[in-house]
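Order-wise, the sequence lines are chains B and Z. With this note's numbering as the guide, the letters of the first sequence map in order to residues 1 to 159. With this note's numbering as the guide, the letters of the second sequence map in order to residues 1001 to 1806.
Just so you know, these hints were derived from the structure itself, not from any lab. Treat the hints loosely; a few may be bogus.
[To be verified] Below, simulated DSS-like cross-link-like pairs (lysine-lysine); rule was C-alpha separation at most 27 Å, straight line:
1) Z:K1444 - Z:K1671
2) B:K94 - Z:K1010
3) Z:K1065 - B:K22
4) B:K94 - Z:K1014
5) B:K120 - Z:K1736
6) B:K94 - B:K156
7) Z:K1076 - Z:K1102
8) Z:K1688 - B:K94
9) Z:K1495 - B:K94
10) Z:K1079 - Z:K1136
11) Z:K1054 - Z:K1081
12) Z:K1079 - Z:K1269
13) Z:K1472 - Z:K1639
14) Z:K1102 - Z:K1269
15) Z:K1014 - Z:K1688
16) Z:K1102 - Z:K1054
17) Z:K1341 - Z:K1302
18) Z:K1688 - B:K120
19) Z:K1065 - B:K2
20) Z:K1081 - Z:K1056
21) Z:K1056 - Z:K1102
22) Z:K1639 - Z:K1341
23) B:K94 - Z:K1736
24) Z:K1444 - Z:K1383
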Amino acid sequence: MKVKVSLRVNGKLYSREVEPRKLLVHFLRDDLKLKGTHIGCDTSNCGACTVLLDGRAVKSCTLFAVQANGHEVTTIEGISVNGQPHPLQDAFRKCFALQCGYCTPGMIMAAYYLLSMNPKPTEDEIRRALSGNLCMCTGYVKIIEAVRMASEIVSKGKR
Amino acid sequence: MRAVQEVHTKWVGKPVERFEDVRFTSGLGTYIDDIELPGMLYGGILMSPYAHAKIKSIDVSDALKDPNVVAVITGKEVKEKTKLVRPRAVRQVEQYVMAVDKAIFVGQPVAAIAVTDRYAVEDALELIRVEYEPLKPVVEIEDALDPNSPRIFEELNSNIIMEDRLIFGDVDGDFRRADVVVRERFRLHRFSSTPLETFGVIASYDPGWGELTVYANDQQPGRSIANLSYMLDIPTNRIRFVIPDVGGGFGIKLIVWPFEVIMSLLSIKTGRPVKWIQTRTEHLTAWTHTPDAMIDVEMALKRDGEILSIKVRDVENDGTFIHTTGLYSMIKFATICGCYKIKSVQFEPVSVVTNKGPVVQNRGVGKPGMIYVLERTVDIAAKALNMDPAEIRFRNFIQPNDFPYTTPSGEVYDSGDYPALLRRALEAVNYQQFRREQAELRAKGRYLGIGISASIEPGTSNIGYYYITRMKEGKEPDFYGADEGASVSVEPDGKVRVVLGSMDIGTGHETVARQVVADVLGVSPNDVYVMPGFDSRTSPYVGYSGTFSNKFHDVDVGAMIGAARLVREKILKIASHLLEISEEDLEISDGRVSVRGIPDKSLTFAQIAAIAYNKVLSLPPGMEPGLRATYVYKSPHCKIPRRDHFNVQVPKSSSVHIAIVEVDVHTGSVKILRYVIVHDCGNMINPKIVEGLIEGATLHGIAAVMMEEFVHNEEGQNVTATFADYLKPSTTESIKYEIYHHTTPSPFTPLGSKPVGEGGAIASMPAVVNAVEDALSPFGVRIRQLPLTPDRVLRLIEEARTKVSK
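One chain only, chain B, in its complex shape:
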């Protein structure tokens, strides 16, 4: 049995027939071919699948696609500004805040949500906001630096 879902993803409206048990992350990846959102665990601990649902960071492996029906989803593919990278994307690159890159989309989306709520977070606030996103490569030092660097730009309202 399939049901219809309609939702807006990165500003574009999609309608698809899906199994009710299909997870949002699989819907994004397999049905919409938005492969930037990754899967790193099966218990909602790693955060690789983090996207925004109506502007709030969620782990897309903990939601069914049908739960996103009528809502608005933003993924890593949808945060560039006029074709230019978002300050977080720039800062991650400039700070060497990634190695294998697998956690990066989820990490950037979690940081994106943080900066949308709190454009100038303290180091402690950055650490707490990202504590649900695991990175196995970097030791996090440069990730925290990158979020801080991006916050300088975001808080000044340059983007």
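With chain B held as given, fit chain Z onto it using these hints.
Quick look at chain Z alone, frame taken from chain B:
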């Protein structure tokens, strides 16, 4: 190859931003699960729920009735269609990539299916009915050492699969001459660096061409191609092996190949591509861990602190999957002497078989364990001799003028200045001042401790050492030496293309290759394209091609320099011919060959390429058209291994880590207050990439001793198979590092570089544990078991108090 003087270092040595990060930060990386092939099926594996059980029957009839199910295979078919898993360090026993009559660990494949939909996999697996007869499991090392324990491999007389003793130098004499002998038993627990991306495979057999294509996030394509060919009886010229972006490796992805074999069988059977993506629970359950170990050490010292000799009996619980059995022991020869002049060494490697499941070479393999044991023992010896832990290290360090230095077993050290590293680290923490503050704070009931660890970080494996114990039976290594290939071309439009025999696993190889090749050829890194990943159709691979054992900076870089130099020479020859100027009078910069002193008289790479590819009659007489070269670089510093003399690895980085911790003796929690690293990895090709690898690796080691542990119950069930139970550090547990570099270039590598990637994970374990033990020294605590979770720390304090009151 001595290239360091000859390569212009316009880009080498600079913190060039990583080119690959443009795609990774945009969600445009291509990892294995992002690949879809037409007609693709989804693979699933039924894993044994028992640690040790006879498989009495498997009924797949219901599964085959499921309309989504296209094919099912069981161990019986695997046995018919493949061969035995080949061991390296130990003798052959009967083991296939799937359980046949008996399952020997939870998570062992018992059957596999190919279905039409990702979501139908779990449904279909439930339809396979397996009748098991549970057997008594063998779980801990002590159980395996008990001669009465149930045998796991019937053809062995016990559950000890490897046992050997190697002696180098006058061990008995040195122990007789010793004033003090320190004896200790250390336990190591199971942990893993757990790459965030689990294993993934897509196998696609084309019956028309008779070609098998395997996509996998595999770290060692050279070996995996050989394994696939052997297992499936398909010649290597009909195996195409492709590796896309890899979401972290750390050595764990050296063991994807058994699943490549299983998925290939399903693809051959169905005639369709089959994709399998491991779940996190499958990954953490059994695929795979570091081995738990029981390591007995004896160190013989003179009263003045001189270390004379060391004896190590190393029992590793790594016998369950025989391909990797013994490797944690054998590599210990690379670090058994650490940074010290030790005259003689006795080493007893022992591997036991239990039902805990496979192990694989996790970040540093047996070297973190060896350095942990050595650096803990040195601290304990200092205490026994009433010496300062810094002083005993200064007393025994290999000195800067001792290089190249050879250990008793034949391990050669290339370069280093260990006393300088320790001096710098002590300065950074203001050691004497800290000791005074420590005493003052103790009087106030605060327990601070400082832990020193001095370590080497070897790289570039001379892999024949796997066979050292089997040489007793006359078994020859199937491989020795260390090499890697690379191809470089200036394409018909003058742009540069690089194809490596190895692949990136998060290690920045694309960027480093652009830096190195740009400098050799005299172009901008922006004009160099490095083919991401690996494809055996174009990648110039060799027997052990891949990304492992800290070899990239050495043989991989040597290969790209070699290939780029061949192309450069050809460009100069063509330009010399066309400009009628001798090659010595030509220079190259920014993709242009010009006459020295007459910059107007020049040819661009595009103009030269146009001749080389298109107007081939204008080439110098006898010259082969094109501007393409492949080069395989072989380290000149590997020795053919002999049982009495061998080198395990080639260049040796070194570092001193100092941790300052505070222990809350009421809660058992440990807080790291400062962490200083003084690091020598020779000439750095990209210092920011180096820094990132140091930070990441150090957190691996810290987390391994502080929080991470795979726990098995008495049934052999891993009760920590999710990230909710197996705790990884996040931003709230991570710390900051004070990193200093002290560079001694390696004379053994093409650019004077030395290994980086594993070292943080090697040096950090003893630094943290020594610091905690130092903090708790007023209680007389001795740490023998890890990780140092709050409950264990409290227990240690309690036990020490009870002992004192008795």
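Output the indices of the hints that this structure fails to meet, ascending. The structure breaks none of the hints.
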